[in-house]
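Chemist: Just so you know, the protein sequences line up as chains A and B, in that order. Sequential numbering of the first sequence, starting at 53, is according to the working numbering. Sequential numbering of the second sequence, starting at 14, is according to the working numbering.
Don't take each hint at face value.
If you anchor each label on the Cβ, the simulated ranges turn out as follows [as the list claims (entries may be wrong)]:
(1) Gln42(B) x Val544(A): 49 to 57 Å
(2) Gly401(A) x Lys46(B): 43 to 51 Å
(3) Gln42(B) x Gln449(A): 52 to 60 Å
(4) Leu204(A) x Asn116(B): 37 to 45 Å
(5) Thr508(A) x Lys142(B): 43 to 51 Å
(6) Leu65(B) x Val311(A): 33 to 41 Å
(7) Arg92(B) x Gly168(A): 23 to 31 Å
(8) Ala197(A) x Lys142(B): 32 to 40 Å
Keep in mind the hints are simulated off the structure, nothing from the lab. All C-beta atoms in this analysis are idealised placements derived from N, C-alpha and C, irrespective of residue type, glycine included.
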Amino acid sequence: MITKTVRLLCSALLVFGFFTTASRPAFAAATIVVVNNDAAGEGFNDPTPAAPVGGNTGTTKGAQRLIAFQRAADIWGATLDSPVTIIVRANFDPLGPGILGSAGPSFVFSDFPGQGVGFYPGAEFPATWYGGALADKRAGVDLAALEGAPNLRDISARFSSNFDFYLGLDNNHGAQNDLVTVVLHELGHGLNFATFVDPLTGQNFLGQTDIYARHLVDDSSGLHWNEMTDAERLASTTHFSHLFWEGANVTAGVPQVLVLGNPEVRVVAPAAIAGLYQFGTAAFGPRIGNPNVFALVVAAQDAANAAGPTTTDGCTAFTNAAAVAGKIALVERGTCGFAVKARNATNAGASAVIIYNNAANVNAAPPGMADDGINGVFVTIPAASMTRADGLAILGQAIVSATVGVDPTVRAGATPTGRARLYAPFPVAPGSSVSHYDTVAFKNLLMEPAINPDLTHQLKAPNDLTLELLRDLGWFADADLDGIADDVDCSVHSNFAPTIVIDGENTGVANILFSNGCTTADLIAQILGSADNHGQFVSGVSHLTNDLRDAGVLSNSDKSAIQTAAAHAN
Amino acid sequence: MKSARLLAAALSLALVFAWSQAASAQDNQRRNKKYVSTRPIKVDQQTGTLRLPTPQETQELVDSLIEMTNRSTEGLQVRTLANGTKTVDIDGRFQSVILARPNDDGIWEMKCVTTFDEATEFLGIVEDKTPQ
Numbered sequence: 053m054i055t056k057t058v059r060l061l062c063s064a065l066l067v068f069g070f071f072t073t074a075s076r077p078a079f080a081a082a083t084i085v086v087v088n089n090d091a092a093g094e095g096f097n098d099p100t101p102a103a104p105v106g107g108n109t110g111t112t113k114g115a116q117r118l119i120a121f122q123r124a125a126d127i128w129g130a131t132l133d134s135p136v137t138i139i140v141r142a143n144f145d146p147l148g149p150g151i152l153g154s155a156g157p158s159f160v161f162s163d164f165p166g167q168g169v170g171f172y173p174g175a176e177f178p179a180t181w182y183g184g185a186l187a188d189k190r191a192g193v194d195l196a197a198l199e200g201a202p203n204l205r206d207i208s209a210r211f212s213s214n215f216d217f218y219l220g221l222d223n224n225h226g227a228q229n230d231l232v233t234v235v236l237h238e239l240g241h242g243l244n245f246a247t248f249v250d251p252l253t254g255q256n257f258l259g260q261t262d263i264y265a266r267h268l269v270d271d272s273s274g275l276h277w278n279e280m281t282d283a284e285r286l287a288s289t290t291h292f293s294h295l296f297w298e299g300a301n302v303t304a305g306v307p308q309v310l311v312l313g314n315p316e317v318r319v320v321a322p323a324a325i326a327g328l329y330q331f332g333t334a335a336f337g338p339r340i341g342n343p344n345v346f347a348l349v350v351a352a353q354d355a356a357n358a359a360g361p362t363t364t365d366g367c368t369a370f371t372n373a374a375a376v377a378g379k380i381a382l383v384e385r386g387t388c389g390f391a392v393k394a395r396n397a398t399n400a401g402a403s404a405v406i407i408y409n410n411a412a413n414v415n416a417a418p419p420g421m422a423d424d425g426i427n428g429v430f431v432t433i434p435a436a437s438m439t440r441a442d443g444l445a446i447l448g449q450a451i452v453s454a455t456v457g458v459d460p461t462v463r464a465g466a467t468p469t470g471r472a473r474l475y476a477p478f479p480v481a482p483g484s485s486v487s488h489y490d491t492v493a494f495k496n497l498l499m500e501p502a503i504n505p506d507l508t509h510q511l512k513a514p515n516d517l518t519l520e521l522l523r524d525l526g527w528f529a530d531a532d533l534d535g536i537a538d539d540v541d542c543s544v545h546s547n548f549a550p551t552i553v554i555d556g557e558n559t560g561v562a563n564i565l566f567s568n569g570c571t572t573a574d575l576i577a578q579i580l581g582s583a584d585n586h587g588q589f590v591s592g593v594s595h596l597t598n599d600l601r602d603a604g605v606l607s608n609s610d611k612s613a614i615q616t617a618a619a620h621a622n
Numbered sequence: 014m015k016s017a018r019l020l021a022a023a024l025s026l027a028l029v030f031a032w033s034q035a036a037s038a039q040d041n042q043r044r045n046k047k048y049v050s051t052r053p054i055k056v057d058q059q060t061g062t063l064r065l066p067t068p069q070e071t072q073e074l075v076d077s078l079i080e081m082t083n084r085s086t087e088g089l090q091v092r093t094l095a096n097g098t099k100t101v102d103i104d105g106r107f108q109s110v111i112l113a114r115p116n117d118d119g120i121w122e123m124k125c126v127t128t129f130d131e132a133t134e135f136l137g138i139v140e141d142k143t144p145q
C-alpha cells in the first residue's frame with residue numbers, strides 16, 4: 053500500500069519542476085517594515101513626553117506613534133504571507149484641519165513572471181496592474197530590485213501630527229479616534245484594496261485594467277469592470293446597490309460576518325416607480341427596521357414661517373398631522389436640522405420619515421443625518437434620507453406605498469445572492485470610489501468608507517472581510533512561503549532543511565522542493581507517518597528514492613545514502 | 014496589420030496624454046478658485062474650541078486636498094524591465110485620504126475618500142461665489 057502511494061506521489065511530482073531548498077525561508081507570514089521618514093524632533097521623532105497608554109509603552113509622543121503604527125503593520129504582517137519584505141515609508145506632518153492622513157501603493161506592476169511551473173505564479177492576468185506589495189508576493193522576488201536598485205517603498209503613508217489620535221494598542225479608544233484602526237484601513241488600501249480606475253471618468257489607469265477592477269461586477273449588466281467601456285464603468289461607479297464583489301473567499305465569508313436583515317427603502321407601488329431606493333441613515337432615533345414600516349407615503353405640510361420658509365420643509369408642527377399619522381412622512385431638506393424634522397414627524401404620529409434633498413442639494417447623495425444634540429432624543433421613528441430626484445419622483449405620484457425596514461432574507465451589505473456589495477452611491481459621495489464595502493454592511497467592516505468606532509483589530513471572518521478580499525486579489529495563503537498556495541500545497545509546513553536528515557543521520561543529499569509543495573524530506577516524513585513498522589518504512593523510502601533516481605532527480609550515490617540512513621533509523 | 018497596431022498604440026498614447034492634461038487642467042482650475050469653509054472643523058489652539066477655518070487655512074486645506082487626491086497620470090512613465098514586467102512609480106498619487114469632522118456629540122466622524130469633490134463635500138468646503 054505504501055509503495056503504491058509513494059509511486060503515485062512520485063509520478064505526480066516528477067511531472068513538475070523542482071528546486072533545492074537551500075535558500076528557502078524558514079518562517080511564515082510577511083514582514084512589514086515601517087521606515088521612519090520624519091526629521092529629528094517631529095512626527096515619529098516628536099520628543100514631547102507621553103504617559104503610557106493602552107499597552108503602548110513609548111515615553112514620547114513620537115515613540116508612541118511609531119509603536120502604534122508598527123502594531124498595525126504587525127497585524128497585517130501576521131495575516132498575510134509574502135517572501136518579500138513590505139516596506140512602508142511613513143511620516144507624521146502637520147496636515148490641514150480635518151485631514152488625518154493618506155496612503156497608497158508607491159508602485160504598480162503588470163505582466164510580471166513567476167518562478168516557474170507550480171511555484172510563485174506571477175501575474176494572474178496579463179495587462180493588469182497590481183500594487184507593488186502584491187506583485188512582489190506573486191513574483192516571489194522584489195520586482196523593484198530587478199534593475200539593481202533595492203526597493204525603498206511599497207506603500208507611502210502620511211498622517212496628521214496635529215490630530216489627537218488614541219495611541220493605545222488595546223482598541224479602548226473611547227470617544228477618540230484609534231490610530232491602529234486608521235492605519236490598518238490605510239494599509240489595506242496600500243495592499244491593493246483599491247482600484248486605479250478614475251472614478252470621475254471611468255478610465256483605466258494608463259490604458260490597462262487592474263486586479264481589483266477585475267473582481268467588480270455590476271449585476272444589471274453582469275459585466276466585470278474590465279469588460280466595460282469607460283462610460284459603462286463610470287455609470288457603474290454610482291450604480292447604487294448593483295455593484296458587488298466577485299470572489300470565492302469574500303462570498304464564503306459573507307455568511308460568517310454579515311447579519312441577516314438588509315436595511316432598505318423600497319417603493320412597492322405604483323409599479324412605475326417601484327424598486328429599491330438609495331438612502332442615508334440618521335444618527336438619531338431607532339435603526340431602520342426597528343420596527344419595519346410598510347405604509348403609504350404622505351407629503352408633510354407645515355406653515356411657511358420664520359422657522360422654515362416653505363410648507364414642505366417640516367420645520368414646524370405639521371398642519372396635516374391627521375393625514376400623516378400612521379404613514380411615512382415625506383419632508384424636504386433645508387433650513388432646520390434633520391432631527392427637528394424627524395421630531396415633528398414623530399409628533400404628528402408618523403410611523404417613519406423620509407427627508408429628501410432640497411434644491412440647494414439637487415445633485416447631492418442622500419446625506420448621513422447628524423443629531424443636533426437637542427431634538428434627536430425625541431425621535432422615536434426610523435428616519436431615512438433620499439436624493440431630490442427620488443423625492444420628487446414620489447411626490448409626482450398620486451398614491452405611493454413603501455417600506456422603510458429590513459429585508460430579513462438578505463444579509464446587511466450583501467446582494468440577495470450573497471455577494472458583498474461595494475459602496476457606489478449616486479451621485480459620487482465621500483467614500484464612493486468603489487474601493488470600499490457598502491456602508492450598510494453589518495457587522496461594520498474595516499474597509500467601509502467610514503471608520504466606525506466599533507471596529508475590532510481583526511481582519512478576517514468571523515469579524516471582518518478584508519483578508520478575504522485580498523485573498524481573492526491573489527494574496528494566497530502560503531504558510532511555509534514556498535510559493536505554492538496552501539490549498540494545493542502537498543505540505544503546508546514543509547521541512548526546508550538543506551540536506552536530508554533521517555533520525556539524526558545527515559545524508560548530505562540536497563533536500564529538493566517539488567512544485568506540488570513537498571520536499572524530499574516531507575515525503576520521507578509522510579512515509580514514516582504511514583508505515584506500521586521499520587520494514588515498511590525502509591521499503592517505502594527505497595521505492596521513493598528509486599523513482600527519484602530513475603527520474604534523474606537523485607544520483608545513485610544519493611539514493612544509496614538515503615536508503616542507508618533509512619535502514620539505520622530506529 | 015503592423016500599421017494598424019502602431020496606429021492603435023499611437024491613439025492610446027494620445028488618449029492618455031489628453032486625459033492627463035485634462036486632469037492637470039482641472040487641478041489648476043481648482044487652485045485658481047476661492048473656497049470658503051462652512052463647517053467648524055478647526056480646533057482653535059488658544060481656546061480649544063471648534064471654529065471655521067480662516068480663509069488662509071481653507072486655501073491651505075484645499076491645496077493639500079488637491080495634492081493628496083491627485084489622480085493625474087501626467088508625467089508618469091511606464092518602464093519595461095528586462096523580464097517583461099511593466100512598472101510605474103505612482104508615489105504620492107492615487108492615495109486614499111482619511112478625513113475627520115466633528116459631530117454635534119463631540120465625536121469626530123472619519124471617512125476615507127479618493128477624490129477632491131468627495132473631500133470638500135465631507136469637510137464642508139464650498140466654492141466662494143461672492144463677487145471678489
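Chemist: It remains to establish, for every hint, whether it holds in the given structure.
Modeler: Verification of the supplied hints:
no., hint, in the structure
1, Gln42(B) x Val544(A): 49 to 57 Å, "holds, 55 Å"
2, Gly401(A) x Lys46(B): 43 to 51 Å, "holds, 47 Å"
3, Gln42(B) x Gln449(A): 52 to 60 Å, "violated, 41 Å"
4, Leu204(A) x Asn116(B): 37 to 45 Å, "holds, 40 Å"
5, Thr508(A) x Lys142(B): 43 to 51 Å, "holds, 45 Å"
6, Leu65(B) x Val311(A): 33 to 41 Å, "holds, 40 Å"
7, Arg92(B) x Gly168(A): 23 to 31 Å, "holds, 24 Å"
8, Ala197(A) x Lys142(B): 32 to 40 Å, "violated, 52 Å"
In this structure, the hints that do not hold are numbers 3, 8, in rising order.
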